[in-house]
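Visitor: Spelled out from the first residue to the last, the chains are:
There are 2 protein chains.
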Amino acid sequence: MKYRKLVERWCVFEAVLEGREDKNPFVDYKVQGIFSSRSEKVMVNGFYDGSGIYIIRFMPSFAEEYHFSIFGTCSKQQYEGSFEVFEVKEGNHGPVRVRGYHFEYEDGTSYHPVGTTAYVWELQEESIQHQTLETLAQGYFNKIRFCIFPKHYQYNLHDPISYPYEGTPCKLNDEKTDDYYQLRGIQPGNDWDFTRFNPVHFQNIEKSIAALGELGIEADLILMHAYDRWGFSQMSPEQDDQYWRYVIARFSAYRNVWWSFANEYDLLKSKTVQDWERYAQIVLEEDPYHHLRSIHNCVSMYDHSRPWITHCSIQRIDVYKCAEYTDDYRKRYGKPVVLDEIAYEGNIDQGWGNISGQELVRRFWEASVRGGYATHGETFDRSDGVLWWSHGGMLYGESPERIKFLKAILDETPGAGLRQKQSWFFDEVVGTADEIGDSGYYIYYYGFNRPNRRKFYFQDGVTYKAEVIDTWNMTITDVGEYSGIFTIQLPGREYMAIRLWKVNRA
Amino acid sequence: MKYRKLVERWCVFEAVLEGREDKNPFVDYKVQGIFSSRSEKVMVNGFYDGSGIYIIRFMPSFAEEYHFSIFGTCSKQQYEGSFEVFEVKEGNHGPVRVRGYHFEYEDGTSYHPVGTTAYVWELQEESIQHQTLETLAQGYFNKIRFCIFPKHYQYNLHDPISYPYEGTPCKLNDEKTDDYYQLRGIQPGNDWDFTRFNPVHFQNIEKSIAALGELGIEADLILMHAYDRWGFSQMSPEQDDQYWRYVIARFSAYRNVWWSFANEYDLLKSKTVQDWERYAQIVLEEDPYHHLRSIHNCVSMYDHSRPWITHCSIQRIDVYKCAEYTDDYRKRYGKPVVLDEIAYEGNIDQGWGNISGQELVRRFWEASVRGGYATHGETFDRSDGVLWWSHGGMLYGESPERIKFLKAILDETPGAGLRQKQSWFFDEVVGTADEIGDSGYYIYYYGFNRPNRRKFYFQDGVTYKAEVIDTWNMTITDVGEYSGIFTIQLPGREYMAIRLWKVNRA
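Line by line, the protein sequences are chains B and R.
One gets the numbering used here by counting positions in the first sequence from 1 and adding 1 to each.
One gets the numbering used here by counting positions in the second sequence from 1 and adding 1 to each.
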């Protein structure tokens, strides 16, 4: 057995041991561990990594001394050991937790998800993966949605670099590769052993999760989706359960993992609500760290009020209005609202993938001032065939810089985040600090409206510092202090906001 | 009695006679006329025009010889006469009627309302009125909404050129003239005789209706509204009824008159549904020409399914989505849908008055392809204080030229107009010719979406002529003929449309 004696808090402790290789170790043998410190005692499942190697991973939540024992049918031997957990280094705030309608890291630092989507970036050739990480290092986003299973969909009909199971994939019919619609559904010619995982596939995903962790980016892992020619979306309940358990055993010790149960769960026609609820039961039982859990819709929303769901992961269900429903979703579900799909900046032939940077950034702001969160995606139809939304790579749009600008503003919110303040009729949407009575902090966002000035009145004798924010040109202009009835001049352009801070008289 | 012996069909025949001046001729004496030709027999009410003059107006619907008799308590004398009605000259198609979800002139020519709003343009000084008519002569619009009563509202606090009643208005409190909100409601100091109309006021409006008629523009006359410091919105039922009867007697012989019962009827807090229904009864009884009738909302829509309402006159009830509800309104009310207020191009401080030209034109197109109609308005905060939406004058925005471009396209629709074709999910909205089975005429509108191409398939062996329409840059590009599965290239910009015409093989 090999392991390190010194581990950072909320990082991965890993014990590697040799064990039985006969029969099918993925299903016939087990390995488990119990980890104890002064403050916690946690039981975790390990997994078979191929070639006679079994691995146990554990994420310590305290900077304390830990003792562990490892046991199972994989080996006659039972292991004992101990290691020291040291306090975090900069940039490690622990896993993300829900706080009211918002999020925070386990160390209490606010976390405002500003996500992107690149469904199978980790299954592209090495050079594109590398590019993706370089792009993400620019700090535009702090969450990325991607899939464990490979994806078969428009612009992404090629084979992934690895498959999750032993076996051989169907051949892609070359004559039809330009048209996904001709190739919908499971194709003939697949030959998979769904009882034997391909460890290389999962090792690659772990490497990706870890690389994202280094960049301070949450890995919103999508466990299931319907865009499939190989049959991974139509396995039996037993095969599904084995997959979920394997994924949890492998990935849950990574603090930046979120469980997104599905992309467009309602397109997985062979799965029922009972199936999703059974997966939830497995996750609740086997993930000892309580990573965030969500399930994302296509047309019909899942009931986000189910107790196992930590936050809403929503795809727009209307072409014209989506982020504007944020407050309605907050009220309906009583949970954080993350609008994970609100159309992408791009120019492809599909309506979900060809809005402007302005419109995407507007949707981010509309969600944000209402106390919700939005997710980016980019779909430019390029000659190299590399589209961020599917493959990662480079970004060409105008929205990422503006989203980064918004992220910085969200990080200045007092308290956990914003909520929508009741506003006068049709004129504006106003965000104020959530969970705080009179926060004295207001963001008036005007979206596609273009007022040349706005009048304010709060109460006599109270002074506000005012800033004019150009959300598109990314400027924040201090326009002075005001009290009583006052007017702020604006340029009469779209995408402007006014931020007011009550001046404390200390 | 004076009258002309030769009248154009659907124009105003007018008989002017002298009568009693004692007591209060507006209420104490009546004058009526009966007009008969081979094809119709119509009874109309006349009105008192002051200075002992009574007038009877009549609009002949047939090019025939008419005989008439005029009688009433206004005079002991009974008059008889006759006149010849000649067939229309170019540009006169008769009054506008409803045809299914659309409109047509009485001569059967299609009429697609493309309106604007200038609430009290006719109550501004002569030079601005003149400017307004010059602007309208550019042919941007074929309908204009305006009020009979003067308007007291932001940007329009000055006195009108005339008042509808004898008496004196309240003085405007000079200190507060910059702020309508300080001056809401009826102000003290008004002294009106609500039993005596001011004929000059109504003569001016007639002149305006006639001038619009010359330009081929429908006068969508707003009879009541709440923006009032004089008390015209809070008269008694008897005073209201006298007003409605007087307006009908004076104006209904003008073929281009529409009756808009109110602007924002729900803001007239002293009026009940019973009041509106009573006015409707009066109009039905006293307007022999059946001019179009509508009633426009602020927040709560009137029940447009009421039989007296000929078409829906709708103000948006949502900031983000309005024209997109057109098909829902058609289904709900079963009548033409005219979106008479969907925010204005401008830059004032109010959200309803500061959208871009792009957004306003987009809303026109969204309404149009769904088989509805939209109305323009412009609110730029100018140093001269003249805002089109209230005063008329000149237009400074980018939308009017584009609206005119749309109007020309609507006029090319086969049949009465468009309706929304069921479209695939989120990608587009498609208009097709209404009332026609397979019209072979399709407009695919992409709004804020920016596809770089679109794929089509109707049926094998049928050829379509395709045009790419840039609704903002106002170009129509013939891109050839296609059949089977075909792809049309697009520039990946916003506000594009594709029009397809089935090619007839004669």
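Certain hints may be false.
As the list claims (entries may be wrong) - DSS-like cross-link-like pairs, simulated, lysine-lysine; straight-line CA separation at most 27 Å: (1) R:322 / B:422; (2) B:42 / B:90; (3) B:322 / R:6; (4) R:42 / B:322; (5) R:456 / B:322; (6) R:336 / B:456; (7) R:42 / R:3; (8) B:322 / R:77; (9) R:503 / R:466; (10) R:208 / R:322; (11) R:322 / B:336; (12) B:322 / R:503; (13) B:332 / R:322; (14) B:208 / B:336; (15) R:408 / R:503; (16) R:456 / R:466.
Calculated from the structure, these hints are not laboratory results.
Just so we're clear, the structure is a prediction, and the values are computed from it rather than from any experiment.
Visitor: Now look at each hint and say whether the structure bears it out.
Guide: Verification of the hints:
Proposed proximity of residue 322 of chain R and residue 422 of chain B is supported: the alpha carbons are some 21 Å apart, at most 27 Å. With a CA separation close to 24 Å, the supplied pair residue 42 of chain B and residue 90 of chain B stays within the 27 Å bound. At most 27 Å may separate the alpha-carbon atoms for a hinted pair to count; residue 322 of chain B and residue 6 of chain R exceed this at roughly 60 Å. For the proposed pair residue 42 of chain R and residue 322 of chain B, the alpha carbon gap of about 53 Å is over 27 Å, so the pair is violated.
For a cut-off of 27 Å, the pair hint linking residue 456 of chain R to residue 322 of chain B stands: about 26 Å separates their Cα positions. Pair hint residue 336 of chain R plus residue 456 of chain B does not hold up; C-alpha atoms about 40 Å apart against a cutoff of 27 Å. Between residue 42 of chain R and residue 3 of chain R the CA atoms are separated by roughly 21 Å; this keeps the pair inside 27 Å, and the hint holds. A threshold of 27 Å between alpha carbons decides the hint, and for residue 322 of chain B with residue 77 of chain R the separation of about 67 Å lies outside it, so the pair is violated.
For the hint linking residue 503 of chain R to residue 466 of chain R, the alpha-carbon distance of about 6 Å falls within 27 Å, and the restraint holds. Among the hinted pairs, residue 208 of chain R with residue 322 of chain R is inconsistent with the structure: their alpha-carbon atoms are about 38 Å apart, more than 27 Å. Restraint check for residue 322 of chain R and residue 336 of chain B: satisfied, since their Cα atoms lie roughly 26 Å apart, inside the 27 Å limit. Distance restraint check for residue 322 of chain B and residue 503 of chain R: the Cα-Cα separation of roughly 34 Å exceeds the 27 Å cut-off, and the hinted pair is therefore not satisfied.
Restraint check for residue 332 of chain B and residue 322 of chain R: satisfied, since their Cα atoms lie roughly 21 Å apart, inside the 27 Å limit. Taken as a hint, the residue 208 of chain B and residue 336 of chain B pair is broken in the structure, with Cα atoms around 31 Å apart against an allowance of 27 Å. For the suggested pair residue 408 of chain R and residue 503 of chain R, the alpha carbons sit about 22 Å apart, so the restraint of at most 27 Å is met. This hinted pair checks out: residue 456 of chain R and residue 466 of chain R have alpha carbons roughly 14 Å apart, not beyond 27 Å.
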